[in-house]
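Asks: Each chain is listed here by its residues.
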Amino acid sequence: DTGVSQNPRHKITKRGQNVTFRCDPISEHNRLYWYRQTLGQGPEFLTYFQNEAQLEKSRLLSDRFSAERPKGSFSTLEIQRTEQGDSAMYLCASSPRQRGSNEQFFGPGTRLTVL
Amino acid sequence: QKEVEQNSGPLSVPEGAIASLNCTYSDRVSQSFFWYRQYSGKSPELIMSIYSNGDKEDGRFTAQLNKASQYVSLLIRDSQPSDSATYLCAVNEDNAGKSTFGDGTTLTVKP
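First to last, the sequence lines map onto chains A and B.
Going left to right, the first sequence walks through residues 28 to 142 as this note's numbering numbers them.
Going left to right, the second sequence walks through residues 12 to 122 as this note's numbering numbers them.
Any given hint could be a false lead.
Unchecked claim - For each label pair, taking beta carbons as the anchor points, the in silico distance ranges come out as:
#, chain 1, residue 1, chain 2, residue 2, range
1, B, 39, A, 80, 22 to 30 Å
2, B, 39, A, 56, 26 to 34 Å
3, B, 13, A, 100, 30 to 38 Å
4, A, 103, B, 39, 31 to 39 Å
5, A, 84, B, 39, 21 to 29 Å
6, B, 53, A, 100, 37 to 45 Å
7, A, 68, B, 31, 37 to 45 Å
Since the hints were derived computationally from the structure, they do not count as laboratory data.
Think of the CB as a built atom: it goes at the ideal place given N, C-alpha and C, for glycine as much as any other residue.
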């Protein structure tokens, strides 16, 4: 069990550029979540997948954000036309398939800075 | 009003004391409750989960849940300087979907 991994760990980009982040969940976990966290705040839910199906997306999420999990394994989060307000830590978490449990295990995060 | 409320702190306790962290939530249908520890610059780490009313103990940690009062707490016994971190409370409506997080309580344990 190698844990949840995320790449890149840090990304600096200029306003208006597109960025893509990758998350590899714990191998036997079928649920995958994306959150965003800014300084002094708790993680804010963005979207989640069960296998390859995207089951929920935050109503606050701009259309510039899109996420995929094409084969039910790794996931990507893309932000188009980045804005300075997108600067944050982007966290991925995964959760096992057993019923009655939603314990989520977080990766190290990708810190995005938009200049 | 946020859905999950925590005192931001900072909460300071001496080494060896009991630290008490509190969390209230607004959604009565909430089913599962979690405490995460987050060190500065790191990602959240799950330390406790609780699903039914009462106490759940794991080592030096005890989680307490009172669904009628919409209240969940975390007690840390024999606090150590290494416990200094931000503690996040998270709540789920069901057992599969998103977690809603509070903004965390910062704990400092002084040697």
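Asks: Against which earlier hints does the structure fall short, listed by number upward?
Replies: 6, 7
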